[in-house]
Structure formats: C-alpha cells, structure tokens
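J.: Each chain, written out:
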Amino acid sequence: MDNGAEEQKERQPLREQFREMAEAVSATVRQIHDFGEAVAYAVDLCGGRGGCRLAISGCEEKLSRAADGLCRIKDEKIIAAAGLSEKRYRELERSCANQGFTCLRSGLRSHLEGIDIGFTVADLAIAETGTVVLDCPGEDLRLSTMICEYHVCVVNQSRIVKDAFAAEARLKEFMSRAPGYTAFITGASRTADIERVLALGVHGPLEVHLLILED
Amino acid sequence: MQDAKDLKEYRRQMHESLDNEFLRKTLDTFAVAYRAGRAKAFAPFDVAELVADVARSKDEARSRIGELYLEFKRKAEEAGVKVHFAADAAEANEVIVAIARENGVKMVIKSKSMTAEETLLNHALEDGDLEVVETDLGEWIIQLRHEGPSHMVMPAIHLSRYQVGELFTRVTGKEQQSDIEKLVKVARRELREKFVRADMGITGANFAVAETGAIGLVTNEGNARLVTTLPRVHVALMGIDKLVARTTDALKILKVLPRNATGQNITSYVSWITGANECGPAQGGKKITHFVFLDNGRLEMAADPLFSQVFRCVRCGACANVCPVYRLVGGHKMGHIYIGAIGLILTHFFHGAQKSKNLVQNCINCEACKEVCAGGIDLPRLIQGVRARILDETKHPLPNLLLGKVLANRKLFHTLLRTANRAERPVADHEGFIRHLPMIFFKEHDYKAVPAVARSPFRDRWPGISKGPGTSGLKVGLFTGCVQDFVYPEQMEAAARIFAARGVAMSFPMSQSCCGLPVQMMGETQAARNVAVQNIRAFEKDNLDHIVTLCASCASHLKINYPVILDGESKMGEKARAFAAKVIDFSSFANDVLGLEAGEFSGEAVRATFHAPCHLCRGLGVHEAPRSLIRAAGFDFREADESEVCCGFGGTFSIKFPELSARILNKKLEKVEETGASILLTDCPGCILQLRGGLRKRGSPIRVMHTAEALAARMRKV
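Chains as they are written, first to last, in this note's numbering: chain A, 1 to 215; chain B, 1 to 718.
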C-alpha cells in the first residue's frame, strides 16, 4: 500500500465516528467524491426535493402584524455561499442560474427575513461530537449559516480530527486572529424550552446536511 | 425568586409549588431522564478525570485572576474591544446603559445570561427608556410573563405548552394552539423581526480566554449568534470567574459543561468571538464591542479558604437537576436568582444574608449535587459554611446555642435523652412508636410515626453483651451515634452478635458522644469542632484496627468531615486523619473485612430491597457491599428504582421542612412498594426512623430493618 492509501485507511474510523455523532443530532450525512457533487446536492435539495420555498418556515403561522410584515418580503429562491473560492462559487452560480435560483455571496443583510440554503465548506470537523468548525470573521459567511433554512456544509475528509484538543493549534490560530468569529456547529438549531420537548429550527437552520468529500 | 421574610413565609410559599401538579410531574420526569442522559453522554470517559481537569483549570484561573484579567484586557483591547470592570451590579448596569446612550441605541436584544439576571439588567435598561427583548425562547417566555428563571439552563421549565400558547395568543393578537412545534415557529418569526430592528445585542459569556482575548458562548438555539452579529453594538456581560488562562482550559470545560447540563455531547453552537468583528451597519463597518466583567462578591469568594471553590462553577445547573428538594419545589422556590445548591451559596454572596437566610436552610445534605458537580465543588459543605456565616453575622438563635452546648457536654446530653424516655413512656406504644406527638411537634409532622426513646440505651446494655472469644486478631471500636445508642440499641446488639461470632474483639468507649453532624449542618462550627475532638480522644486509647459504625451519616461525618473540620490544627488535624482512616461503615466491614459468605447464613428467600443512605452511597462511595451481603444472606434481593435517592430524613431538615420531607419519603416508599419486597433493609438509623415511620403511617406490612439485624437473624453461628 502506498502512503496515501494508508492514510486514508487511518482516517476511516474518524469519518465513521463523525458521521455517527452528526446523525445522532439529526444531521444528514452523505459521502461525495468531488465538489461538483456538492453543488448538485445543494441544487437538488433546493429544487428537486422542494427545499427552497417562497414561503418561509414559520410564516404559515398566525403572527403579529410586525412579524408578518417580514414574511412578505421574500420572492426568490436563494442559495448563499459566501466563503467559496472564486472557481467554486462560479460553478455553484452556474448551476443555480440554470434552475432559476438566486445565488449570493454578499449583501445578506438585505435578506434577513430568511434565505433557503446556506452553502459552506468547513475548516475543521470534530469526530467526537459530529461538529463542523467554521472560521467566519466575514459577516456574510456568518449570516448565511444563521438565516438559512438548510445549511449544506462540505467537509473535507482530511480535516476531520478526533476531538477539539487534536485541532487545538488550528483553533487557537483562528481565535487569536482579530477580528475573529469561530463557529462550532453541531446539528440544527434546537430548543427544548417548552416542556423539554425537542424542537428544531428555533432561530437558525431547520436542517444541517454534511457532505463528506474524499480528498 | 424566593424572597420570603422568614422561614414560616418561605414554607408557605413552598406549599404553592407542592400543590402544582404540572410542576411536580415535569420535574419528576426530568430528574429521571437527566440521570440517564448524563450517564450516556459521559459513558466513553472517566468522569472524575474530566471533572478534575475542570477544577484544575478553574483553580489556576482563580489564583491568577488579577493577572489574567489584565492579559485578557490587553489582548481584547488590541483587537478593538473596550473592556470594563464593574464592582457590583449597579455599576455594571450603569456602564451598559451608558454604552447604549453613547451609541444612540433604541432597541436591545439579548441572549440568555444569568449574570444579567443577577444584576437585574433588564430593569435598568427599561428605566433608561430602552426596548429590551430576550431572544432565548425560554427567557423570552419568562420575560413576557414578568418572571425570573426557574432553572439555569431551562428557564421556563415550570410552564406548560398551554400557558405558552395563551401567552403567544396575547403577544401575536391571534389565537394560538398548544402545539409545541408551531409555538416554536411562531417564536422564530416574532423574534426574527426583533433581530432585524435591534441596534444593540447583549450576551453573557461562558469563557473569557486570557491568551487570545476571545470570549466563548455555548448555546443551542442560535440566538446568541444573531445577537452578536446583527446589531451594530455588542456588549458581553460576564462574571470575572469566567476568565481562564488558555484555549485548552476552555475546551476542557466545554467537554464537561453540555454533558453535565443536559446530557448533550456538545451544544448546537459554540461561538468564539475575538475583537470587534465586521458589521455592516456600524460606522466603518466595525462592530462597537464592549466586554463588561462583574465582581459583585466574586473576588471576596476567591480569597476565602472555603468558598474559593465556587470559582469552579461553570453554571451547568446539574446541582438542581439531581436535588430532591428542587425536584419537589422547582427553581422559583429553590433559589433567589441562581438556582439549586450553587444558588443557595451564590445568593448569599451576590444578594446578601437577607435573601439567603431562609433559602440556605433548604438543603437536605444528601450530597447528590456534590456527586455530579462539573467542578467537583463540595456544595453541601459550602451550604453549611453559609449557614455558619449567617449565624456569625446575625446572632445564634437560642435553640442552636443550647444544642451546641448540650452536645459538647456529653453527660448533660445523655441525661436529657434518658429523661426523654421517662417522659415518653406514657405515650409510647408496644412497638416503640409514640402514640401521640408531644406538643413540640406541629401537625405537619404527622406524616410519619415517631419512635420512642429506648428504655435502656446501648451504653447501659454494653456490660451485659456477650463479647465472644475475640480470637480473630481483629479489634474494633464501636461508635453508636445518638440514634442507635438511645433509640435503636437492638441494631448495635445485632452487630455485636455477628462480631462476637466471628471472633472480633470489641470495645465501646463510654466517653463517645454525638458525631456532631447536626450542629455542623446548622452552621455551629465551634460546637462541631468540640464534639469531633471529644470523639477522637474517646477512641485513641484502645489500639483499634477499625472503628465501626452502623450509621452511614455518622460514618461519613467521622471519616470525611473530621479531617476537614480539624485541618487547621496541627496536632488534632493529624489525629483526625488517623482516626478517619480507621472509620468504616458496617456493611463494608462485614463484607470487605470479615468477608461474610452465603454458607454462614440460612433462611427462606424472602423478597427484600435496599435503600441506599445518601451518606453511604455518595458520602462514602459504598454501593456493592450491602447488596452483596443481602444476597449472601439468602434474601430474594430486588433493586428498587431510584434506590440511591434520599428518603427525605436529613436530620434537622425533616424538622424544619416536614412537608418536603413527607413528599420525598412518600416517593421513596412508592418505589419500595413497587418491588413487592416484604423487607426493606438499609444502613442508617436515621433512614430507618424515617422509613419505618412512613410505612407505619401508610399501614404497610413492609418491615424495615438495619442490614445488621437481618444478617444476625440469619447467621447460623449467632
């Protein structure tokens, strides 16, 4: 066996643990082989699987006039991808255009009523807890993971580490840089504040989709 | 928010909770689910090691607190944050209101912060004509209801979906159903609109990391991320105890905090913020960021030899989750602002003796909190320490002084107990219960039958007890404690028969007295110390291998607390440690030292269950020994649900709070009855007093015995 194959074999248990722990907190986990698959997944989630809707989640409820007012604004299906390389962003943008979706990487503050999909690439992933780590000092990248209904996150398999301590040096590097905003994200936004009954999507994403990219 | 003026009013307030069926059921379900969830989350790890890591990190931070504050301040200010230090709650609120004014703020959104609850920040902001909206779902609910939190992590755990539905109907002006998922969606949209309008966000912080100048926020809902991202101003208010030296310290705490709080491996979000981040609407695109550190009594605690442990608290709320009293009365009655065991302590330092004096009585000393504390804080001991402080700051009430004096004078104490026997004789029935309660008891004590003082105490029976040949080479001293000496001497006699049969040489030093736990619980530190010295001296003459006691509470007090009580005294401290090393509870001695085996017993396979006394299972960490003895003795042993949960006795607790004691007892007896056992065994005369009294009152045929009595009755050689 060459070195690469050996390394990959060592990583497999981490990948499996990551998948198991993420699924335990209701994330959807898929294995992909190239970035194109991630783009196809996001576009399919938006269109084919009906993830993108003009009606924003919660807007079907009986709301106060002020809250209802914010519901009326959305009139397009939006995928936001603020942290991608130029090449990858173009690839996603093309696919969105083909389907008639809006693809964004800036100006998210004009869409605070909500967007459909936030598309990101994780800087690190932690197997022990099924967590993705995003270094996101940029406001648009941060917002895209907060105001979306679905968060699709690409996880490079080589960036999965055992636990936070195994990535301590990287984490410290993120946290020492000013300004800095380092986000650990594990599953969807959740609450159990009413009668301890678990409900997903209280403020942030209703679903998290993790796409493990073999690299 | 507990704010009763005296104990009587406090008890009346607690009745409201006891009558709240929804609350009781919710907290019951939660108590059971929490234990299972926590165990699962910690399963892959050595919990003790993780807790020790937290304690080490927090202890280091405490000892370097001034230096870490300056390091953090320098780093954070280099990164564009303004760092403030507030001596007390009023000062913190003033700083924050001033920040709002300077920046022309009209609307503030908040994510959950216990520190902001502590300073009553919302009131100050509203007084400053600011609109304030809590965005954590539970906090928003209680804000709308004008209530305080009833749990540190789940602030609205006391409310039902119907109450929330009604509340949201009022808030939206539209009829809402009670479907939780829908209510959550309503909150999502209602609050989103607030996020969009707000111009200042206030958060707490779980960590302030000195080496990076970053703060860390641990949340599930994601509201804190919006609070720290959308408005142009961010203020984080945190206790100075949130400082840690390094990122690795924060990660160690993070490993324990969610697991211990809710049984989650990690929360949905952990956000680490360094410096003034990018923010569109702020001038120059840079968020105006302020970090406010609050002292408010924390530095006084840090400098105190006993209370400095409080710095290890990570505000996980676990001490409430396992507390049998919290489970009965909920957070509004089990805290002023901070809740649970830690709340009893923090209230004293943050809000003063007036707020803490009643609250701090509400601890049954079962040590369940100590066992699950994320920082390994000895919470029951600190609660006793607060009681001592209150006594010293105010004045010692007469009954306390009398008891302290009486206990320290063994002869006087024992004379009083003998007199009690003579006084009770006319009212005692043939089974050893008092038929009618003497006048000193109130009607609330009627939930259990109370035993009469025995006709002759163990100390009078000792000369007539057969001591056996004593040929095994083992020599033990018997420590009876008050209850077994004067109420249940037959339990000691049973143990003596077993020891004699096994050739154990025994001595019974006559100058031994009460172990001192009751005065320690009251906060009568000096009396507790004097009694400890008297007992250590009583046992130092005979050259003993072990000091055996049949009372779990005495055993844990002698073994664990004596060395702590006498730690500061060089000569007595050493004697206390030597004494403590010899102390052993009955079951551990019979099982681990004597090694009693099945072959030594005979008898039918009668169904039996075991109640684990708090001070046996948690105080001494003994779990297996009594169960293995019961099996060896040929009983059909059945484990009861929650067998390690308190029976509600708690010594003086059952006298101060009879209503609570009765409820806890009844829950315990239901679990015992579910096993179908006809015999209930336990290792503590206090528990026996409580359990026997309760069963008798229910008219139950279940017999309660000390494990020693059950074994002696079945031992062939006895």
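Treat the hints loosely; a few may be bogus.
Claimed, not checked - DSS-like cross-link-like pairs, simulated, lysine-lysine; straight-line CA separation at most 30 angstroms:
| hint | chain 1 | residue 1 | chain 2 | residue 2 |
| --- | --- | --- | --- | --- |
| 1 | A | LYS77 | B | LYS182 |
| 2 | A | LYS87 | B | LYS286 |
| 3 | B | LYS106 | A | LYS62 |
| 4 | B | LYS286 | A | LYS74 |
| 5 | A | LYS74 | B | LYS174 |
| 6 | B | LYS405 | B | LYS656 |
| 7 | A | LYS74 | B | LYS106 |
| 8 | B | LYS25 | B | LYS182 |
| 9 | B | LYS370 | B | LYS106 |
| 10 | B | LYS656 | B | LYS355 |
| 11 | B | LYS106 | B | LYS355 |
| 12 | B | LYS73 | B | LYS286 |
| 13 | B | LYS286 | A | LYS172 |
| 14 | B | LYS697 | B | LYS582 |
| 15 | A | LYS172 | B | LYS411 |
| 16 | B | LYS82 | B | LYS286 |
| 17 | B | LYS717 | A | LYS162 |
| 18 | B | LYS405 | B | LYS8 |
| 19 | A | LYS172 | B | LYS82 |
| 20 | B | LYS25 | B | LYS5 |
| 21 | B | LYS370 | B | LYS73 |
| 22 | A | LYS62 | B | LYS40 |
| 23 | B | LYS182 | A | LYS74 |
| 24 | B | LYS475 | B | LYS717 |
| 25 | B | LYS174 | A | LYS62 |
| 26 | B | LYS467 | B | LYS575 |
| 27 | B | LYS106 | B | LYS82 |
| 28 | A | LYS77 | B | LYS174 |
| 29 | A | LYS172 | A | LYS87 |
No lab work stands behind these hints, which were simulated from the structure alone.
J.: For each hint, tell me whether it holds in the structure or not.
T.: Tested hints:
no., hint, result
1, A:LYS77 to B:LYS182, "23 angstroms, holds"
2, A:LYS87 to B:LYS286, "29 angstroms, holds"
3, B:LYS106 to A:LYS62, "27 angstroms, holds"
4, B:LYS286 to A:LYS74, "28 angstroms, holds"
5, A:LYS74 to B:LYS174, "23 angstroms, holds"
6, B:LYS405 to B:LYS656, "20 angstroms, holds"
7, A:LYS74 to B:LYS106, "27 angstroms, holds"
8, B:LYS25 to B:LYS182, "23 angstroms, holds"
9, B:LYS370 to B:LYS106, "44 angstroms, violated"
10, B:LYS656 to B:LYS355, "18 angstroms, holds"
11, B:LYS106 to B:LYS355, "34 angstroms, violated"
12, B:LYS73 to B:LYS286, "19 angstroms, holds"
13, B:LYS286 to A:LYS172, "22 angstroms, holds"
14, B:LYS697 to B:LYS582, "39 angstroms, violated"
15, A:LYS172 to B:LYS411, "66 angstroms, violated"
16, B:LYS82 to B:LYS286, "13 angstroms, holds"
17, B:LYS717 to A:LYS162, "59 angstroms, violated"
18, B:LYS405 to B:LYS8, "26 angstroms, holds"
19, A:LYS172 to B:LYS82, "22 angstroms, holds"
20, B:LYS25 to B:LYS5, "29 angstroms, holds"
21, B:LYS370 to B:LYS73, "34 angstroms, violated"
22, A:LYS62 to B:LYS40, "39 angstroms, violated"
23, B:LYS182 to A:LYS74, "21 angstroms, holds"
24, B:LYS475 to B:LYS717, "20 angstroms, holds"
25, B:LYS174 to A:LYS62, "6 angstroms, holds"
26, B:LYS467 to B:LYS575, "28 angstroms, holds"
27, B:LYS106 to B:LYS82, "21 angstroms, holds"
28, A:LYS77 to B:LYS174, "29 angstroms, holds"
29, A:LYS172 to A:LYS87, "29 angstroms, holds"
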